[in-house]
Amino acid sequence: MKIQLIAVGTKMPAWVETGFTEYQRRFPRDMPLELIEIPAGKRGKNADIKRILQLEGEKTLAAIPKGNRIVTLEVTGKPMDTHQLAKSMEKWQLDGRDVSLLIGGPEGLAPECIAASEQKWSLSNLTLPHPLVRIIVAESLYRGWSLNNNHPYHRE
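Residues 474 to 629, numbered by our numbering, are exactly what the sequence shown covers, in order.
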């Protein structure tokens, strides 16, 4: 199973790239984690945010391979602890499809992305900065994988 992290935003600070890459490289070959960046719309004083979200949503949905399971990261999603995430990951693997996890930009995800999702995941009730979410998701997925595979990374 391949996991795609499709995130709005490019040109992340070095600490974001370093943090994400640290966990990305740990994934096994049979479960690679891929990052696809969607350029964020230009936001200014008089920006049409609704239109920007729509365009970001269209680009995000276009980046998802046909048949993938779509999981959106959103405050209103279902919170999961590590064990629940590990169980979700097992179900994803048994499903036989690749997974696309969607992270929105400053205003979140487009309604079309949310409507297309099969699962909504909340990392926290807090609104987290979208660059930081990349690192948290990568680490959480790696921890879930390590729990499922009795890897020493996750200790109880």
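Bear in mind the hints are in silico, worked out from the structure with no lab data behind them.
Hints should not be assumed to be uniformly reliable.
No more than 25 Å apart at the CA atoms, straight line, and that leaves these computed lysine to any residue pairs for SDA-like [as the list claims (entries may be wrong)]:
hint	residue 1	residue 2
1	K560	K532
2	K551	R516
3	K593	P625
4	K532	E507
5	K484	K518
6	K484	P538
7	K551	K593
8	K532	E490
9	K593	A513
10	K475	K593
11	K523	L534
12	K475	S595
13	K518	M485
14	K532	H603
15	K515	I537
16	K564	E580
17	K560	A513
18	K551	K484
19	K475	A588
20	K523	A535
21	K515	I587
22	K484	D503
23	K560	A589
24	K551	G581
25	K564	P579
Hints, one by one, checked against the model:
no.: 1; hint: K560 - K532; in the structure: violated (30 Å)
no.: 2; hint: K551 - R516; in the structure: violated (29 Å)
no.: 3; hint: K593 - P625; in the structure: violated (29 Å)
no.: 4; hint: K532 - E507; in the structure: holds (17 Å)
no.: 5; hint: K484 - K518; in the structure: holds (21 Å)
no.: 6; hint: K484 - P538; in the structure: holds (24 Å)
no.: 7; hint: K551 - K593; in the structure: holds (6 Å)
no.: 8; hint: K532 - E490; in the structure: holds (22 Å)
no.: 9; hint: K593 - A513; in the structure: holds (22 Å)
no.: 10; hint: K475 - K593; in the structure: holds (19 Å)
no.: 11; hint: K523 - L534; in the structure: holds (16 Å)
no.: 12; hint: K475 - S595; in the structure: holds (21 Å)
no.: 13; hint: K518 - M485; in the structure: holds (22 Å)
no.: 14; hint: K532 - H603; in the structure: holds (17 Å)
no.: 15; hint: K515 - I537; in the structure: holds (23 Å)
no.: 16; hint: K564 - E580; in the structure: violated (30 Å)
no.: 17; hint: K560 - A513; in the structure: violated (33 Å)
no.: 18; hint: K551 - K484; in the structure: violated (29 Å)
no.: 19; hint: K475 - A588; in the structure: holds (22 Å)
no.: 20; hint: K523 - A535; in the structure: holds (18 Å)
no.: 21; hint: K515 - I587; in the structure: holds (22 Å)
no.: 22; hint: K484 - D503; in the structure: violated (28 Å)
no.: 23; hint: K560 - A589; in the structure: holds (22 Å)
no.: 24; hint: K551 - G581; in the structure: holds (16 Å)
no.: 25; hint: K564 - P579; in the structure: violated (30 Å)
Checked against the numbered hints given earlier, the structure breaks hints 1, 2, 3, 16, 17, 18, 22, 25 and satisfies all the rest.
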